[in-house]
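Asker: Letter by letter, the chains look like this.
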Amino acid sequence: MGEVLVLVEQTDGSVKKVTSELLTLARRLGEPSAVWVGPGFDDAAAAALGEFGATTVYVAADESLRKHPVAPVAEVLAQLVAEKAPVAVLVASTADGKEAAGRLAVKTNSGVITDAVDVSAALVATQSVFGGSTVVHSTVTSGTPIITVRGNSVAPEAAPATPARVDVTVTLSDAAAKATVTGRTVAAKGGRPDLTEAAIVVSGGRGVGSAEGFAVIEALADSLGAAVGASRAATDAGWYPHQFQVGQTGKTVSPQLYVANGISGAIQHRAGMQTSKTIVVVNKDAEAPIFELADYGVVGDLFTVVPQLTEEIRNRAH
Amino acid sequence: MKIAVCVKQVPDTWAEKQLQAADSTLDRESADGVMNELDEYAVEEALKLVEAHGGEVVVVTMGPERAAETVRKALSMGADAGVHLVDGALHGSDALATSYALAEVLSGRGFDLVMFGSESTDARMSVVPAMVAERLGVAQLTFAQKVDVAGDTVTIQRVTETGYDTVEASMPAVVSVVEKINEPRYPSFKGIMAAKKKPVETLSVTDAGLDAARLGLSAAWTKVDDFAARPPKAAGTVVTDEGDGGAKLAGFLSEQKFI
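Protein chains in written order, with the numbering used here: chain A, 1 to 318; chain B, 1001 to 1259.
If you are wondering where the hints come from, they were derived from the structure by calculation, not from laboratory data. Any given hint could turn out to be false.
Said to hold, decoys possible - Here are the simulated distance ranges between beta carbons:
hint: 1; chain 1: B; residue 1: Lys1196; chain 2: A; residue 2: Gly209; range: 38 to 46 Å
hint: 2; chain 1: A; residue 1: Ser133; chain 2: B; residue 2: Asp1225; range: 14 to 22 Å
hint: 3; chain 1: A; residue 1: Ala155; chain 2: B; residue 2: Pro1232; range: 18 to 26 Å
Glycine included, C-beta positions come from ideal geometry on N, C-alpha and C.
Build out the structure end to end from the sequences listed, making use of the hints.
Answerer: Quick look at the structure:
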């Protein structure tokens, strides 16, 4: 079987869930090899990658690779594509992942498909486009298939292996080193899961009415161990930080459960959440289009329904 | 300084979009065409930079005849000149072909900055700015929520999953912006009138010196095998809150084993 390169997504050395999803997918296509770019690779990371079937981990550990955004990652991948001739390259559909995939496509003169929700053994990618209204099957017809895959699209399945570590030395081109990261600012973040990785997302929209109103949304999210999202109306009004926006101009999420509170369901928002497995809606307007997506909906005031739900969940947990 | 802003005409954000059965490309006729929303933020940021530092803003688009409306809109906001790459041979071009064509049109024109919206609302790939930076061999400063220029250095705040990174480079550079960066201006009546007199250079594939074999649907590096409307979702249960809405919801979540 041919080799499939999987670019590892990690935060401070810990492997993100989407990587185990990609490794699971890669096993359908061939032999999964993980690609680690930057410092911080250790036994725990090797174990996390091995658990989902990585037989090789290519480690490009040079500190300088993280000093420049995106371009070095594409150069590491391009070097491996040239040396290993893999059957495909899989990358998570994050902002950085998609850009690295795009640059790699240019470097290797290969086709790139973004935001796949599935990839078959024959390398046919499934995409859910136009806010989930259309399902498209596509293939890369030229070069090495480069496919970015959305988080939460595939259930990770363990297939333990003991990966061999192969160190990779990359000499960065001048072009890749032209932009330099001079500082990193981490916004205050509670203990909530990442929006795009969370199994449950609880969102608030115009109906929340104020920044203070989001306390009700956050309380429900915390009772469920969920991430908090917001509609464009809420982030534009400054009630909730921009990076939590779900929708056409924000994040696309596909959790097991999506709880939409006080959100009307304009296409702007639907485009970011329509592929969620189960959708629950609370809205006082019975005519709101979001109810068309609901597996379960409550027509009512979110400020009475949501706290009652939170209370019920807390009681059941005891 | 000389700034290019690449803009794209897309189907109205609020319209339902669909693919055409004949060649699986986007149906651009069935909906009104508008400037891709995030590109308006890029135009605004370019205008602000030029207002602060002097220079000119050139708006660049690739698209069918009616994409000229989008160039005109940017000119009415205050951009100085336009370039419109329009040719039947471009129809169906994918991201690789688009980045090739844009990079060829942009190179050699002496731009200090090439600006983009961070993604288009139709394809949503978000890869063209990075691809253009790769092709031009210049710095990539993407997903900017803030852009500052001092001397020949440009510094941005790049939005990340957890906050932002400060990233800097010497110009020339490619910059893409997110909608948090500013509030785009509306064209004034005066701006709309002035736009009618501003120069727009219309280029064919041949004029731009492009290799037609690398453009269009037949040259695409990917192909759509098939597509279908997503099957309609089975109607769910909707109840009206009578004081027990939260409890009923908890019941549903429990049945579904979420709690």
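Asker: Hint by hint, which ones does this structure get wrong, listed from lowest number up?
Answerer: none
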